[in-house]
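Here's the letter readout for the chains.
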Amino acid sequence: MLRLLTLLLLTTSAHAQLAVRANLVYTMEGAPIENGVVLANADGQIEAVGPASSVTIPDGYQVLDAAVVTPGFVDARATVGLSGILNQSQDQDHLDTSGPIQPELRAIDAYDPTEDLVDWVLGFGVTTAHVGPSPGAPVAGQTAVFKTAAETVAEGLVEEAPMVVFVLGTGIRRNFDSPGTRAKEIAMLREALMEAQRYAEGMADEDEAKRPSRDLRKEAMARVLSGEAAALITAHRAHDILTALRLAQEFGLRMILDGGAEAYLVTDQLSDQQIPVILHPTMIRPNGDAQNASFETAKLLRDAGLTVAIQSGYESYVPKTRVVLFEAGVAATHGLGVEGALETITIDAARILGIDDRVGSLAEGKDADLVLFDGDPFEYTSHVCTVIADGVVVVDECR
Amino acid sequence: MRLAFLLCALLFALPVVAQPTAYIGATIYPIAGPPIEDGMLIVEDGRIVEVGPVRTNLRPGTQQVDVTGKVIMPGLVDTHSHVGEGDGGDRSAPLHPAVRILDAIDPMSDSFNRARAGGVTTMNIMPGSGHLMSGQTVYVKPRHALTIDEMLFCDDTLRGICGGMKMANGTNSIRSNPGPFPGTRAKSAALVRSLFLKAQQYQEKKEADPDHDRDIEMEALLEVMDGRRIVHFHTHRSHDILTALRLGDEFGFTPVLHHVSEGWKVADEIAAAGAPASIIVLDSPGGKIEADELYFITGGVLEAAGVDVAYHTDDYITDSRLFLRSAAFGVRGGMSRTAALESVTIAGARMLGLADRIGSLEAGKDADFIVLSGDPLSTYTHVEQTYLDGEKVFDRADPEDRAYAVGGYEVYRSGATHHHDH
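Heads up: the protein sequence lines correspond to chains A and B, in order. First residue of the first sequence: 1, per our numbering; consecutive thereafter. First residue of the second sequence: 400, per our numbering; consecutive thereafter.
Worth flagging that the hints you see were computed from the coordinates, not collected in a lab. One or more hints might be untrue.
Unchecked claim - With the Cβ distance kept under 10 Å, some of the chain A side facing chain B (calculated, not the full set): (1) V158; (2) F176; (3) Q269; (4) S294; (5) G329.
Given the structure is predicted, the values throughout are model-derived calculations rather than measurements. Cβ atoms here follow ideal geometry from the backbone N, Cα and C, with glycine treated the same way.
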């Protein structure tokens, strides 16, 4: 609501041509630029990036100054908009427990772009979020990628159903009578995937009359089998991660590891398959399957050559969402450094989501999504003072 | 050879002669005064004997430790923690004044390692907020200990006052299917008032007849009413905060307000009541209805109104290892650096009634201090060492301790699974 008002007030400047000047510009396309300038055109795209000495600010551009500028952040795995601030049944749409395997559930049918928590993360620079169901069912549903500043699903949609959420480990047991064991769950998943294989084969029959009637569940699963959608598999314990790899191998899934608290134990296996990792929030509470989480996991995985993004994830209580800026900050001081940590919430997150042609770095032709800071982006005492989404100033108070 | 061995053995058998240790060259934040560049902290026999600029004419026999380039500040005081796997009142009633968490804590719980790694040297360990009064809290130092007695501030667990009293209002202690529990806020307050009234009547009987049967529930409440036992009052909403103050006013106690999520709305009222506020930083509002307006500004707004402000971890709601982060977020939200540094040290000590012993670096106080790699409020700073009564209890240079600071495979086996209603 607050943002709606702000947006109305700001509409006069919507899609103005913008010039952002900063002492330090992290483009994520190479070394940061000192005394840099970023120009955004009237289409909300980046027109030029470079040192002030080589980028001239054309007349008529609105000029904004900052100590540091980064690309808008890409939260690689969020539940904001499906999970609401109040934590009451009316604002919790992140998990349906009527059945353990429901790949047909679509994030686009549940996401509320006006949810306060979406505004909250936007206020800390998250301009793009990969939103999906919480990890509470063996197959919890489909994800979607949104621009967080948008007021409707249609307006904000970047990717409609890039992934389907699979969840291994013990976290699902409280929600279902069955599966009640790891082995049973995998048997159920294999059956569902084989069923979808038969469905896909049937649908490919040249004789239309022989094709099965459409089935949303099998259709969604078939998209995972064909690789059209990635399998985003949540697993924290090392043996669950290896089980995920086994499952992915059997069915040829395009796997992305989600969570990964013990991924540091199986970096060889993950590297062999070049599995990207959307890592749990750095400050995840060490309990349950994530009991062995470490502040240094992002560093250990990157050292092993893996592509890593850091997520906000799902929180069942307080805080109701995490903020990737803060999670990456703790990773920055645990081995990643500023640029490495920024990569996990900008360009590498965009690469894992397959949207790095549009977002994740500051380069000509990309979306003009920028975060302006009054100091080092990860210092606790620094502030995000301006957020620009598609060339529009959507946040203009320091927080 | 044998003689040398004997001499050696004899030397070690002698009582340990207190040898002063001087930590030299750090930037020292005494909290009791402005920061001292190139400072010196001298510790002897578990106490601080001197804090000031470096000087050369040290007493002979003073051990010297070079901490050039480091930062030293008092050990952190966490006014609200749940480490140690303790518990409080059970489901039988909403008010448990006689229940003591010290009877439940496991001193060997590895969750104490989180506190030591985070530089926490004193904590108020509390039972949960699911009751109007879940029991007596306990003030402890996270020493490596076998018994709870070794961790306490009080000398006598039978007659001493070893902690405060945990109270709560708002939704956590309300049940939709109440039984003995309240179903509304008004009922919550009525139950609390009835109990304190009973305590006043007990006091009258006791005064009239000293041989009146002991009632350990009533005794604890008398300690609250005569100001010897501090009430730590969980409260979020602005009107719940005012209710907590009203109850205190009626029965003669000034509560330490805890969480105080909407304290920014009633900062002047809190200041007028003279109630201190122990608050929490959460990375987003919400997660429960009462916290949907919890923002980083609270510390700064309360400071400006003249309220004494401390931060707490509520561990495991936030992680003791990152406790300094809370103070830094206070600054992010508008607090002064000075108040923010006090908020995790002396302000907390005041709220526990322990400011004469801990919370600042001053001669005569307990030698509880931490050595940091840099600015206490920077993301990039690590707690390098934690000292309790002059003894090092955490050292990041030690691989085992380092693991406690960062986590990893089977570093923590217990404690972290504790869950309670925040």
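Do the hints match the structure? See the list:
Here the hint on V158(A) is broken, as its CB sits about 23 Å from the closest CB of chain B, past 10 Å. Restraint check, F176(A) versus chain B: the minimum CB separation of about 21 Å is more than 10 Å; hint violated. Interface hint status for Q269(A): violated, as the beta-carbon distance to the closest one in chain B is roughly 16 Å, over 10 Å. Residue-level restraint check for S294(A) holds (minimum Cβ-Cβ distance to chain B is 4 Å; threshold 10 Å).
This hint holds: G329(A) has a C-beta 5 Å from the nearest C-beta of chain B, less than the 10 Å allowed.
Hints 1, 2 and 3 from the list above are not met by this structure, while the remaining hints are.
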